[in-house]
Amino acid sequence: MPEQLFQFLVTGITVGSTYALVGLGFALIYNASDVVNFAQGEFVMLGAMAAIALLGAGLPLPLAAILATLATVGVGLLLERFAIEPALGASVVTTIIITIGAAIFLRGIAMLLWGKDFHSLPPFTGDAPIQLGGATVLPQSLWVLGVTVALVVLVRLFFNRTLIGKALLACSFNRAAAQLVGINVRMMLRLAYGLSAGLGALAGILIAPITFSSYEAGVMLGLKGFSAAIVGGIGNPMGAVAGGLLLGVLESLGAGLVSSGYKDAIAFLFVLMVLFFEPTGLFGHKAAERV
Amino acid sequence: MPSESPAPAAEILLEVVGLSSYYGPVCAIQQADLHIRAGDLVAIVGGNGAGKTTLLHTLSGLHPASAGCIRFAGKDITRAATHRIVAAGICQVPEGRLVFAPLSVEDNLRLGAFRQRDQDWIRRQTQQVYALFPILAERRHQLAGTLSGGQQQMLAIGRALLGHPRLLLLDEPSMGLAPLLVEEIFRVIVELNSQGVTILLVEQNARAALRIAKRGYILETGRIVKTAPATELLADDAIRRAYLGY
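Here the protein sequences line up with chains A and B, keeping their order.
When the count follows the numbering used here, it moves up by one through the first sequence with no breaks and lands on 291 for the last residue.
When the count follows the numbering used here, it moves up by one through the second sequence with no breaks and lands on 1246 for the last residue.
Wrong hints could be hidden among the right ones.
[As the list claims (entries may be wrong)] Here are the simulated distance ranges between beta carbons:
hint	chain 1	residue 1	chain 2	residue 2	range
1	B	1116	A	160	15 to 25 Å
2	B	1020	A	149	55 to 65 Å
3	A	60	B	1141	21 to 31 Å
4	B	1184	A	269	47 to 57 Å
5	B	1211	A	82	47 to 57 Å
6	A	34	B	1121	25 to 35 Å
7	A	86	B	1020	22 to 32 Å
8	B	1116	A	82	55 to 65 Å
Hints were generated in silico from the structure; no laboratory data involved.
Positions of the beta carbon are idealized from the N, C-alpha and C atoms, including for glycine.
Produce the complete structure using the sequences and hints provided.
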């Protein structure tokens, strides 16, 4: 039984890492513009599907992964430029609805390009399982974990150490004040969309060898990432990461101990409970503000 | 480049001609004309809702002008984006301070210099701000949101100074502050002006503003109804009754 629990934990952390990356993308855009970008899951799907397609076209895997990520960043930038920017100054709700429309649009394009079939990416470094204290760990899980840790550290450094990162935060704290110190808010918005598209794409590529991908894969991953961001306190990047891991582990435990049919239900029930008892999320800002 | 000497007939730094600005159907600024010479300290006074903040927001490009023209240092900036106006040298201390509450004092100041590239200058200017407001130096690692109202006002002024202003716009710097703090803030404004910073001060506290200003404008429901040297406005009976309350 303990070995089994450990196995669930490993699986949960692997899947949770993906949620964490998607949640991080949500937090980035939310920080820059107070908008929840519901096309975030589509970035994940696009990353995975583009990598699969490029690999199928004969490119080596690392190159396919890099190009797919860059292409998704491009899609994120285009989305910002042609769907979000024209609505600058519209209400947050309007912008959120635009992102939902964009998600449906991107899903449609993906279906036309790649059909409705499930596709898969080969593992980065073989699929010989590694025995680890009674649990079986796929090499791909280590990839997911390693890259997630690296990305989370980079995002943290970006916000805490760089002027651009702080400027992005400044836009979320007070847009007018950010403009008045000379920050180009549009540029920051583009940066946020580009970065979250990149994070999403990487998450998709990392997880594609473990779970299959299809044009619809972004829906559930997007919702899970959104849940991760909410659980962690929306707008708190490190909270989103913690939320994602928590969600992944709970899901995996639920699937293993109760029934895999309830996997998603357990995750969303958990989100509801968190919102019920701690509406600002588990790690939400306890605002230190004086008026 | 900033002209440090307030010569008697210095160049006109800011010139506003026939400026109008709307909030939906409401005309918040009507046909406003004003000018500020380099080195000047000009006050715009007026009651609540007279359009003072809208005027400053229009100057900074936060609010669009619907008619008229704003020229700064000879360039038309009427439709320029806010970050370009800041880069050109118009820095605003907004109403209600609007410091970045979850960031440290130091980070707030550093963000004030977002458009400055000269690291040496940024370091020196930061030290000058700390010399001007020693309390900020003491609390440099504290989150801006935990400062008192007066300290936040100082931080907001310091942040604007790090933008290398040729023209400093101050929106209601006395709002919500105790009289002693108001005095302190106004003393600093005079000091900055004597160091050569051109200042446009917008205030509801008309008496305090006109006492330190060289020239004043009276704004009433979106119109500039009078302009004169500040001493003259302070002595004007009608203005005294309407704005100074004695």
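Structure-based check of all given hints:
About 21 Å separates the C-beta atoms of residue 1116 (chain B) and residue 160 (chain A), a value consistent with the hinted range of 15 to 25 Å. At about 56 Å, the CB distance of residue 1020 (chain B) to residue 149 (chain A) agrees with the hint of 55 to 65 Å. Distance hint for residue 60 (chain A) and residue 1141 (chain B): a CB-CB separation of about 48 Å, inconsistent with the stated range 21 to 31 Å. Between residue 1184 (chain B) and residue 269 (chain A) the C-beta distance comes to about 56 Å, which sits within the given range of 47 to 57 Å.
Separated by about 53 Å at the C-beta atoms, residue 1211 (chain B) and residue 82 (chain A) satisfy the suggested range of 47 to 57 Å. Restraint check, residue 34 (chain A) to residue 1121 (chain B): a C-beta distance of roughly 34 Å satisfies the suggested window 25 to 35 Å. Here the CB-CB span from residue 86 (chain A) to residue 1020 (chain B) is close to 26 Å, well matched to the stated 22 to 32 Å. About 33 Å separates the C-beta atoms of residue 1116 (chain B) and residue 82 (chain A), a value inconsistent with the hinted range of 55 to 65 Å.
The structure shown violates the earlier hints numbered 3 and 8.
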